[in-house]
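Once you have looked at the hints, place chain B on chain A.
Single-letter residue listing:
There are 2 protein chains.
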Amino acid sequence: MSLDAVLARIDDTLPEAMERLFGLMRIPSISTDPAYREDCAKAADWLAKDLESLGFDASARKTPGHPMVVGHAGGAGKHLLFYGHYDVQPVDPLSQWKTPPFEPAIEDTPNGKVIRGRGSSDDKGQLMTFIEACRAWKAVHGTLPGKITVFLEGEEESGSPSLIPFMHENAGELTAEIALICDTSMVSPGVPSIAGQLRGMLKDEFTLHGPKIDLHSGHYGGPGLNPLREIAKIVASFHDPETGRVAVEGFYDGVHEVPPALLEQWNNTGFDEKDYLTSVGYTVPHGEQGYSTLEQQWSRPTLEINGLWGGYQGAGSKTVIPAEAHCKITCRLVGDMDPDDLREKIRAHVAARLPVDARVTWDSDLEGSPAAVMNTDRPEFAAAKRALSDEWDREAVIVGMGGSIPIAGFFKEILGMDAMLIGFANDDDAIHSPNEKYDVKSFHKGIRSWARILAALNE
Amino acid sequence: MSLDAVLARIDDTLPEAMERLFGLMRIPSISTDPAYREDCAKAADWLAKDLESLGFDASARKTPGHPMVVGHAGGAGKHLLFYGHYDVQPVDPLSQWKTPPFEPAIEDTPNGKVIRGRGSSDDKGQLMTFIEACRAWKAVHGTLPGKITVFLEGEEESGSPSLIPFMHENAGELTAEIALICDTSMVSPGVPSIAGQLRGMLKDEFTLHGPKIDLHSGHYGGPGLNPLREIAKIVASFHDPETGRVAVEGFYDGVHEVPPALLEQWNNTGFDEKDYLTSVGYTVPHGEQGYSTLEQQWSRPTLEINGLWGGYQGAGSKTVIPAEAHCKITCRLVGDMDPDDLREKIRAHVAARLPVDARVTWDSDLEGSPAAVMNTDRPEFAAAKRALSDEWDREAVIVGMGGSIPIAGFFKEILGMDAMLIGFANDDDAIHSPNEKYDVKSFHKGIRSWARILAALNE
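Chains A and B, in that order, give the protein sequences. Just so you know, we're using the UniProt record's numbering here: the first sequence kicks off at 1 and counts up by one. Just so you know, we're using the UniProt record's numbering here: the second sequence kicks off at 1 and counts up by one.
Extracted from the complex, chain A is given alone in its bound form:
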């Protein structure tokens, strides 16, 4: 079956492919916010219908949370599972968006044309690269290469509460020979990358309670314990100010140093540390001393504060000592760090630092997932590497990833299936931030890449 005709078809129909992506992006499928529940269902239906139009036996399946989209096509040949997610991050602070987040548009920039809008990169634009490759293949050949199952989630940005039960209940139809995941970045622009390891994630949130009620700082300013001061002290205690290391006792249990051979590979990925930092306003890496920026990002664990608040935030001034203060935490895990064990250590660290007359409560609904390390010796990695190298005119590389994509670990654990994480995002895509974008080049060459990978895996 000719690959050239498929690639030509992709080139010829790019405008239509972008129009379809825009249709999906216009649906504000923010999974973490209950206000957008119906929009998540709408996005799932949109995708199920689109897959049906390509000959997939597809449907949006109900869960206690947002629906899963599952579709099957083809019969003979290698069975591949493709995973992506149709939900997106919240858009705040909205005021910092130059264009409305759910009104996608093509924009000319000094670095080429980009698709602007929430989800353009994470993950609607990325998942559509695979679907568009299937569409072109089907249009040219009337069928797809091998057997393909598409599995699209709507809770990736909100902790995937329904994912594990759904995988257990539907293990039979979801288990393929290998999984393909399109939710990652290229290590540097134009350098095709397959992720060999991903950091895990632990989420937690606490409230520090002080006085019974908000107090007036004229009356209690002095004798009164102020939760904002106390929470600041606790947050400040999480890191060693000299070394940048996390100061929670036992935090680094299960962390391993990167083997020198792998480190050397990482040093030859074309990653431009200076540009990576300066593009967002940094001049130096701010993590653990003694580790490069890539190591800090790919192979070292973190304890990050994602939200910190309490007291008066409005216009003007309010002389209040608030009754409580709040802190949202995420940790990135590596190696054999155990999320459940770590959660206890962090909570013990906070408990040990509570002053008299303060107490702490923890949000019990936040989950954790360990780091994932892939079996990169499988022949599919070599085939995908070759296909990517052909498309991008540059040797593809096996890299680490700083982000957490727990699905890769679950595929292995629950379905006994390895995964290849191949994505075309760039580090300046501003995912999770205002003004998210996806390069038109990523979208176009991403579609072409999948067409080549499908061919290579079915050779």
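Since the hints were made in silico from the structure, they are not lab data. Mixed in with the good hints, there may be bad ones.
It does not matter which identical chain is meant; a pair holds if it fits inside one copy or across any two.
Only pairs whose alpha carbons sit at most 35 Å apart, straight line, appear in this in silico DSBU-like list of lysine-lysine [stated by the list, open to error]:
id, residue 1, residue 2
1, K212, K42
2, K78, K42
3, K233, K274
4, K412, K445
5, K98, K212
6, K138, K78
7, K42, K412
Nothing here was measured: the structure is a model prediction, and the numbers come from that model.
This is chain B only, laid out in the frame that chain A set:
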């Protein structure tokens, strides 16, 4: 002129007086929030009309901010100026109010009947004690004792930006022999108190800026500087964790120890330290070591965090490293502390602790005022003490105050006029907090107190 008839009239018409107060409380005159601008004007008009009905030549005078209400009545006799404020604090967190903040109601409590609602104590309920005393006097005698000027402000809770220019422009009509201010508490329930010193106030607010945009903690968690961590370190650095002292260099310049004789008076004010602390959930005083709760509140300066925020505060989790973090500060000043000098010291403290790749911006619109110490040797203090002692069957006391009422300093500085601060609030009134209340007893005996004081000052 008979005082007894006035007091009897006050007792007989208490329900009507409360109804009038409720009318004023129903106007949400939150001065710090521009959304309530018209409500502030409405409250000013309400008061001007009410004063007119008592024979005052009264009007709401325009300012660049909220209106001032000025009214004159009487002719011969001692000229007194009465000051209060009709604006109120914001009501957030609204969810913690048991009744709507602007729907006043009488409530039975284990400690007696209270008036519930924003402004019941601070300062609508308090200022109406004086106006109701005038009303009763006028009803009984057809005229007021001496000459009275009423001066009501609408910006006390938002830094009084129009106050100083207005006082300069209207110095002639505002200057009396002595000022009466009703905006303070009794040192303990049933103990009538005249404030001899008040703390000053410095307000400031800063934003700590880190990366150019919000970042994804999977990509930049590790190498990325997190403004929330950095602001927590700075907030934690403001105090010495061992002594509770403010650690800003030179902070205590101009602070004097309280003379032993005054300290002894304070120790005999009936102040119940244990109840003061436990009523709000504390078991120990949390301020500077070596000072009693009263000293910490009345005679020691503070640096308090009133608001601290940044990152994601919504439901669920967001793996963000935010571009900025914010902190609202107020300091309470004592003795000869200079607000302008102190502002520079605090800003220098923050600047010295900024890490590379972070910068700070300061809100430039926030003001400061020094502490105020009254001349308590004037005969009016003795007269007022006697009147209060008669009403409350308990020796009135000269106390300190932890709050900041800059007007007292301005009366001295701009109009050369001493002030007597006499109020009937209680420490559990929850002013500036949800569920603010004013004891019906405070309101009733407050009105009676002013009737007695007016008589005593005109003897």
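So, going through the hints one by one against the coordinates:
With identical chains, the CA atoms of K212 and K42 are at most 35 Å apart between copies only, with a shortest distance of 34 Å across copies and 44 Å within one. Taking the shortest Cα distances, K78 and K42 sit within 35 Å of each other inside one copy (31 Å), while across copies they are farther apart (77 Å). In this homomeric assembly, K233 and K274 come within 35 Å of each other (Cα to Cα) both inside a single copy, at 32 Å, and across copies, at 27 Å. Within a single copy, K412 and K445 get their C-alpha atoms as close as 29 Å, which meets the 35 Å cut-off; across copies the closest is 76 Å, which misses it.
Taking the shortest alpha-carbon separations for K98 and K212, only the inter-copy value of 15 Å comes in at or below 35 Å, while the best intra-copy value is 42 Å. Taking CA atoms no more than 35 Å apart as the test, K138 paired with K78 passes inside one copy only; the shortest distance there is 16 Å, against 99 Å between copies. Taking the shortest alpha-carbon separations for K42 and K412, only the intra-copy value of 30 Å comes in at or below 35 Å, while the best inter-copy value is 68 Å.
In summary, this structure violates none of the numbered hints.
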